[in-house]
Amino acid sequence: AQSVAQPEDQVNVAEGNPLTVKCTYSVSGNPYLFWYVQYPNRGLQFLLKYITGDNLVKGSYGFEAEFNKSQTSFHLKKPSALVSDSALYFCAVRSMTTDSWGKFQFGAGTQVVVTP
Amino acid sequence: NAGVTQTPKFRILKIGQSMTLQCTQDMNHNYMYWYRQDPGMGLKLIYYSVGAGITDKGEVPNGYNVSRSTTEDFPLRLELAAPSQTSVYFCASSYGQAKSQPQHFGDGTRLSIL
Numbered sequence: 001a002q003s004v005a006q007p008e009d010q011v012n013v014a015e016g017n018p019l020t021v022k023c024t025y026s027v028s029g030n031p032y033l034f035w036y037v038q039y040p041n042r043g044l045q046f047l048l049k050y051i052t053g054d055n056l057v058k059g060s061y062g063f064e065a066e067f068n069k070s071q072t073s074f075h076l077k078k079p080s081a082l083v084s085d086s087a088l089y090f091c092a093v094r095s096m097t098t099d100s101w102g103k104f105q106f107g108a109g110t111q112v113v114v115t116p
Numbered sequence: 001n002a003g004v005t006q007t008p009k010f011r012i013l014k015i016g017q018s019m020t021l022q023c024t025q026d027m028n029h030n031y032m033y034w035y036r037q038d039p040g041m042g043l044k045l046i047y048y049s050v051g052a053g054i055t056d057k058g059e060v061p062n063g064y065n066v067s068r069s070t071t072e073d074f075p076l077r078l079e080l081a082a083p084s085q086t087s088v089y090f091c092a093s094s095y096g097q098a099k100s101q102p103q104h105f106g107d108g109t110r111l112s113i114l
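Going line by line, the protein sequences match chains H and R. Counted the way our numbering counts, the first sequence spans residues 1 to 116. Counted the way our numbering counts, the second sequence spans residues 1 to 114.
Since the hints were derived computationally from the structure, they do not count as laboratory data. Some hints here could point you the wrong way.
Said to hold, decoys possible - Dumping the calculated SDA-like pairs for lysine to any residue here, alpha-carbon to alpha-carbon at most 25 Å:
1. H:LYS77 with R:ASN28
2. H:LYS103 with R:GLY16
3. H:LYS77 with R:PRO61
4. H:LYS103 with R:LEU13
5. R:LYS99 with H:THR72
6. R:LYS99 with H:GLY29
7. R:LYS99 with H:ASN12
8. H:LYS103 with R:ASP107
9. H:LYS22 with H:GLU64
10. H:LYS49 with R:HIS104
11. R:LYS44 with H:LEU56
12. R:LYS9 with H:LEU56
13. H:LYS103 with R:ILE113
14. R:LYS99 with H:LEU56
15. H:LYS103 with R:LEU114
16. R:LYS57 with H:SER95
17. R:LYS9 with H:GLN38
18. H:LYS103 with H:ASN68
19. R:LYS99 with H:PHE67
20. R:LYS9 with H:LYS22
21. R:LYS44 with H:ARG42
22. R:LYS99 with H:PHE63
Please read all numbers here as calculations on a predicted model, not as lab measurements.
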């Protein structure tokens with residue numbers, strides 16, 4: 001069975017400081033990993049994904065994520081946070097090999113609050 | 001390119017009423033999904049479809065029904081609304097043959113059952 005854990009309900013950071021949102025996963029076989037962002041009253045928007053290859057993935061709006069196979073983690077990072085980055089962030093996993101139709105498993109979400 | 005469009009955006013129902021949440025996508029995606037989002041609970045999969053004429057249950061299908069007569073449309077039906085179905089409902093689509101492709105989401109329908 002697939003599972004995703006986002007251990008922090010909320011992350012608070014001052015504008016200009018580095019931002020990290022944590023995600024760990026469990027999946028049979030190799031994973032596809034995704035990060036999404038949700039702004040108030042909007043749907044989830046795709047930020048970035050890990051498929052294979054380089055463990056550091058770069059995405060939209062200056063975000064990047066680091067895949068660590070040994071720690072089964074896929075943490076989202078941004079070197080310098082903006083107030084406009086305040087939103088709800090979701091990590092998701094999809095198995096490459098099992099579950100033939102390709103179910104996405106989402107974490108519970110982490111609220112990011114960036115203060116001026 | 002509109003992407004995934006959901007209607008209505010907001011709705012208030014009385015207990016026992018029925019309604020259909022509409023979802024349409026213009027990306028020719030074969031996979032479509034319905035989720036509900038409750039505070040602090042992430043997304044729960046209600047139903048999904050891998051193509052026209054093919055649907056299957058997700059994690060929380062009770063009280064809902066779906067149909068998929070075309071590639072573009074995937075409506076969600078609530079037959080007897082209950083307070084427990086108060087939630088935000090999201091429709092999503094993806095290009096199913098490539099598991100590396102992300103889902104695309106609509107902006108949701110906010111539903112209150114009173």
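Here is what the structure says about each hint:
no.	hint	result
1	H:LYS77 with R:ASN28	violated, 33 Å
2	H:LYS103 with R:GLY16	violated, 31 Å
3	H:LYS77 with R:PRO61	violated, 35 Å
4	H:LYS103 with R:LEU13	violated, 31 Å
5	R:LYS99 with H:THR72	holds, 19 Å
6	R:LYS99 with H:GLY29	holds, 13 Å
7	R:LYS99 with H:ASN12	violated, 33 Å
8	H:LYS103 with R:ASP107	holds, 21 Å
9	H:LYS22 with H:GLU64	holds, 12 Å
10	H:LYS49 with R:HIS104	holds, 13 Å
11	R:LYS44 with H:LEU56	violated, 29 Å
12	R:LYS9 with H:LEU56	violated, 37 Å
13	H:LYS103 with R:ILE113	violated, 29 Å
14	R:LYS99 with H:LEU56	holds, 20 Å
15	H:LYS103 with R:LEU114	violated, 32 Å
16	R:LYS57 with H:SER95	holds, 19 Å
17	R:LYS9 with H:GLN38	holds, 16 Å
18	H:LYS103 with H:ASN68	holds, 22 Å
19	R:LYS99 with H:PHE67	holds, 18 Å
20	R:LYS9 with H:LYS22	violated, 31 Å
21	R:LYS44 with H:ARG42	holds, 17 Å
22	R:LYS99 with H:PHE63	holds, 22 Å
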